[in-house]
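J.: These are the residues of each chain, in order.
4 protein chains.
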Amino acid sequence: MASNRRVKLVNIGKLIVESEDMPVPGVNEYLVKISSVGVCGSDVHYFEHGRIGNFVVESPLVLGHEASGVIVGAGPGTDQDRVGHRVAIEPGVPCGRCKQCRTGRYNLCPSVRFLATPPIDGAFSDYIVHNGDFLHDIPDGMSDDQAALCEPLSVGIWANRRADVSPGDRILVTGCGPIGLMVAQVSRARGARVILSDIIPSRLNAARTLGFDELHDAASAPIEESGITADVLMECTGVADVAFRSISVLAPAGRAVLVGMSPEKDQALPVATIQVREIVLTGVFRYANTYPVAIELFERGMIQIDPLVGAKYGLDDVAAALRASREDPACIKPMVVPSL
Amino acid sequence: MASNRRVKLVNIGKLIVESEDMPVPGVNEYLVKISSVGVCGSDVHYFEHGRIGNFVVESPLVLGHEASGVIVGAGPGTDQDRVGHRVAIEPGVPCGRCKQCRTGRYNLCPSVRFLATPPIDGAFSDYIVHNGDFLHDIPDGMSDDQAALCEPLSVGIWANRRADVSPGDRILVTGCGPIGLMVAQVSRARGARVILSDIIPSRLNAARTLGFDELHDAASAPIEESGITADVLMECTGVADVAFRSISVLAPAGRAVLVGMSPEKDQALPVATIQVREIVLTGVFRYANTYPVAIELFERGMIQIDPLVGAKYGLDDVAAALRASREDPACIKPMVVPSL
Amino acid sequence: MASNRRVKLVNIGKLIVESEDMPVPGVNEYLVKISSVGVCGSDVHYFEHGRIGNFVVESPLVLGHEASGVIVGAGPGTDQDRVGHRVAIEPGVPCGRCKQCRTGRYNLCPSVRFLATPPIDGAFSDYIVHNGDFLHDIPDGMSDDQAALCEPLSVGIWANRRADVSPGDRILVTGCGPIGLMVAQVSRARGARVILSDIIPSRLNAARTLGFDELHDAASAPIEESGITADVLMECTGVADVAFRSISVLAPAGRAVLVGMSPEKDQALPVATIQVREIVLTGVFRYANTYPVAIELFERGMIQIDPLVGAKYGLDDVAAALRASREDPACIKPMVVPSL
Amino acid sequence: MASNRRVKLVNIGKLIVESEDMPVPGVNEYLVKISSVGVCGSDVHYFEHGRIGNFVVESPLVLGHEASGVIVGAGPGTDQDRVGHRVAIEPGVPCGRCKQCRTGRYNLCPSVRFLATPPIDGAFSDYIVHNGDFLHDIPDGMSDDQAALCEPLSVGIWANRRADVSPGDRILVTGCGPIGLMVAQVSRARGARVILSDIIPSRLNAARTLGFDELHDAASAPIEESGITADVLMECTGVADVAFRSISVLAPAGRAVLVGMSPEKDQALPVATIQVREIVLTGVFRYANTYPVAIELFERGMIQIDPLVGAKYGLDDVAAALRASREDPACIKPMVVPSL
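Chains P, V, S and B are the protein sequences, given in the same order. If you're matching positions, the first sequence starts at -18 in our numbering and goes up one per residue. If you're matching positions, the second sequence starts at -18 in our numbering and goes up one per residue. If you're matching positions, the third sequence starts at -18 in our numbering and goes up one per residue. If you're matching positions, the fourth sequence starts at -18 in our numbering and goes up one per residue.
One thing to keep in mind: the hints can contain errors.
Identical copies carry no separate label here, and so any pair may be met within one copy or between two of them.
Said to hold, decoys possible - Below, simulated EDC-like cross-link-like pairs (lysine to aspartate or glutamate); rule was C-alpha separation at most 16 Å, straight line: (1) Lys80 <-> Asp118; (2) Lys80 <-> Asp114; (3) Lys293 <-> Asp309; (4) Lys(-5) <-> Asp222; (5) Lys(-11) <-> Asp297; (6) Lys80 <-> Asp212; (7) Lys80 <-> Glu(-1); (8) Lys80 <-> Asp194; (9) Lys(-11) <-> Glu29; (10) Lys293 <-> Asp194.
Think of the hints as simulated: they come from the structure by calculation, not from any bench.
With the rest of the complex left out, here is chain P:
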């Protein structure tokens, strides 16, 4: 039997590669050979801190949840014809039965099993098994990296849905990291005007490369002194102060979506402004029903990832991949490719 290398976080900052028996797909599950995995900020955070909020790594954990692969095996009750299909892997598998699932908000399912969220292992490995309903076939022309990055794109799609972005809206995206650049591209695909803000020149350049020309260099002037106003704020930095300041430039009846997670659970917000302008503020927690749309947007050429995708690393170099985006802000999205 072929063996399966898996990269495990065994201690803060400490990864090991172990070879294990091939996993066996259960009912409704498939065996997937991993093609490409994006490194997410949450992976880096687990690597550096061993926890994110209430999620604590208590036993060795495989990281990585932005993944694509090829179906190479099929469990009981599945469709054997899917073997050979290339897929984007939606990392969260909800219960399908609770109130949240039944009302279409399966991202809020309290029983969801989500890759690389303790105690569920992720995709920095040669193979994983996964529920077939959350493996999305991709077209031939779609790259492995695009398929993997359907995950952060899904966050962008979901954030835009929650703000109901449409033509005539002016969107302010704070933070030009991978999420911000995905959010901005989806806003543009929905017909809205987009202004991007960041303090890092290389990230503003990435935005420019993606064709955005309304850019705000937050290092030179705070947003509230920039003259910028917006109908929608897409806060993608996770910096409490940025959220606070940016809400203040929203127009009456504006909307604020807090996408980035801050290390501070509680934050000061300009509540009086929210009230007198009747601003609607919300957050996003993952996404629901986005993968088919993400695949379609890639297929139709509406989303570009070239300026985001950084260096590629094999399974033996995951630690380097995890350090890459921290050490070099120009490396927006390092990718792990097990076959390297």
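Assemble the complex: chain P is given as a structure, and chains V, S and B must be docked to it using the hints.
T.: Same frame as chain P, now just chains V, S and B:
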């Protein structure tokens, strides 16, 4: 010509009654003899502090904006047949032309002229002139006090609209003052379950008198230790700490409407909770298109005001009326009746 | 082993009662002893015609889908503690996995298994097995009939959701049969004004008994000559001509919900009126996520069924039950009670 | 004083050009020199039939309502600085005071005054006066034709708003006339996939020129036999049979927007399909709050009009312009340019 007594705030805590010439209605305006005026917390605040946020009383100001009356005169371009009609007075007259007005959000009109908001005089007087489109005819069976209290009821209607309250929702109303009790009654009229919370026994009693039996005494246990959960928070205390704690008991996909204005413009909010539960938070600023509904709800007996209405005061006793609710929490809504 | 009597439609107008082995609950399923079953117009239609649209009875079929019962057995993977619980039985069990299920519209699931819809047997029997996620616990004070009638009440809840009924809306309900009376009660529970229309005096009387006083006798004057206008039409007769005429009395921006199914698949509609008034028209197909709300509305006394519930019949008399509503319009909802 | 040529419909098929005194702008009005006017199907219909539905030409009427111009004079209470500005003319001026206006649906205002709708004269003239709130400044780079065609583009924007089109939706646009091509471009700008259908080869070619490659030749196969399915139907032919057939290819939870007006006020619709799929059907009547968005979409290059714009005609040749689109389907949008 008859004279018009008007009660003017000339300094912090200082009111004078002046007799002036009768006002003359302009184009689209009517002359209205005031029947009843509710005392609002904002009136009390101007009386005690001379300002509310950015609104500063810089010259003598007539307070009072929860008013009813009888049309006794008609300006150019109006309908003379309306003379003699009893009316609920919607205090805010928007421009009707700006983006907010054209999109149905006239409460956010930047040019709105709102009674008792500097520099626009209010209704603590024998007569006022007012735009006829914002004078709403009331049925014979409706009392002057009900007509006046269409104003706080409008806040309740608007808050419920913004949270889209419907059967199956569990509503937590924090604060059993006049606004909280209106909000709660509208939630009930929309078919939702309502839990009310306050620290003042007389206010909880008022809620009980209105038929609410799910009450939380916030003086004995903080809301987050009460076991209460809710789908919708209607925050009507304006106390930052109450807002913070109450958001934490909301269910996933919950909604929070911050109705009460706090003296603190900025407040700490549990942002991580808002994010992981995808709570939608907003505020209310007055209301739009609510008066016809308010009148209908009163007419159909769905809203009660007896437990709210406190003592009645003539124009010479407005200062006492303004002090009443502060000094006696059981006096939820003092009324000013010019004819007394 | 106890035996299970089941009433089978073996031919048009021909029922037989057969005793069979007790059914055995599978994974996630429970054995339910049936307490009460409402007779629905669709049961009558299958009985008289052997089909409804594309649904054809091709082998013996047990009818009845408005049912309540008591859990008396539990299959693998279920909660044994539920045995003994009284339940309202939600008759449709969707797949939980398709696009419609994942987006919260599980009533549109193409793989739904729905009681008494060929080839799925219904509840005119002593016992059935059913998926535990679609058995809803009811409180002690709730009657078996109320629990059974959560089904037509669910249609009422769903129709009201689709029209987003709220205070200030004027609702016209055409048809005072069981569905119309449920729809009307839900509209009232949501705070709307309701006008009911029918041609049968006993049905208008049932509406009056339920406390509705705005009634239109369609036998004496067509709706469009009645002076009635409405914001929302709830069409519950299934008569094409009624739908056509009633849409014409809708106000601009009105909504029309076609609840009743007509024998005519295609119907003439006043399209020009729909266009110039921008009326939104839709239909309802069953319901989703309504049972918990139905139970709560019953528990809070907001829905009455006494004027609807007609005679009760044992399993040997199901044919009489099916004929009852046809022969006596005053018998709005005959009930089948297996224990009789 | 300069004179103002106006082209009047004096009888069916009979136009005369009259020179009159310059009109004088009233309160809030401006004098506008007309730059360009698109010929609309409704203009052609009035020209050929003297009426559209209940709107009857009873005295000489100036046609033309898709217009742009330059402000050359200003009435009382206006901003003199606007003189010299180039503007897109929004043809409907609502009352701003009725329920529809106050709720943001001013297109449904019963008192709206709309250019070229009896008895209000239109824009086939050298000058008109118009309410300044409905004259929208355009940027320098925008052409007179683009500004004029903000009108049909507004229909496209409004239709897309009413169907809430977003990425992931598949839109079927039936009819590739000027409205269909505008609707389709807006759907694309909102990120949706678009399929266009027509029977006229030149119109399908126009769609192809605009970059659409999913085209259905309705002359060769009826839509319901084409294998096409859609989430949203945008019916732009006004042919009852096309509406009927196209609704049948909608997916569950689909939406149908009837944009095209049919000469038949009543139409047969597949009501059973609408019910079991819970399709939401509505119509559009003009538009509200669309002009700023239309201007922005043009400015950002998201809407093309070159394949639509046909020959140009002076005021003396309006009859030829009116006949052009009827006689040559390849001439999708003839334009009237008074200065020619």
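J.: Are the hints correct? Go through all of them and say.
T.: Against the structure, the hints come out as follows:
no.	hint	result
1	Lys80 <-> Asp118	between (28 Å within a copy, 15 Å between copies)
2	Lys80 <-> Asp114	between (19 Å within a copy, 10 Å between copies)
3	Lys293 <-> Asp309	within (14 Å within a copy, 58 Å between copies)
4	Lys(-5) <-> Asp222	neither (32 Å within a copy, 41 Å between copies)
5	Lys(-11) <-> Asp297	within (11 Å within a copy, 66 Å between copies)
6	Lys80 <-> Asp212	between (32 Å within a copy, 13 Å between copies)
7	Lys80 <-> Glu(-1)	neither (39 Å within a copy, 38 Å between copies)
8	Lys80 <-> Asp194	neither (43 Å within a copy, 27 Å between copies)
9	Lys(-11) <-> Glu29	within (14 Å within a copy, 64 Å between copies)
10	Lys293 <-> Asp194	neither (29 Å within a copy, 36 Å between copies)
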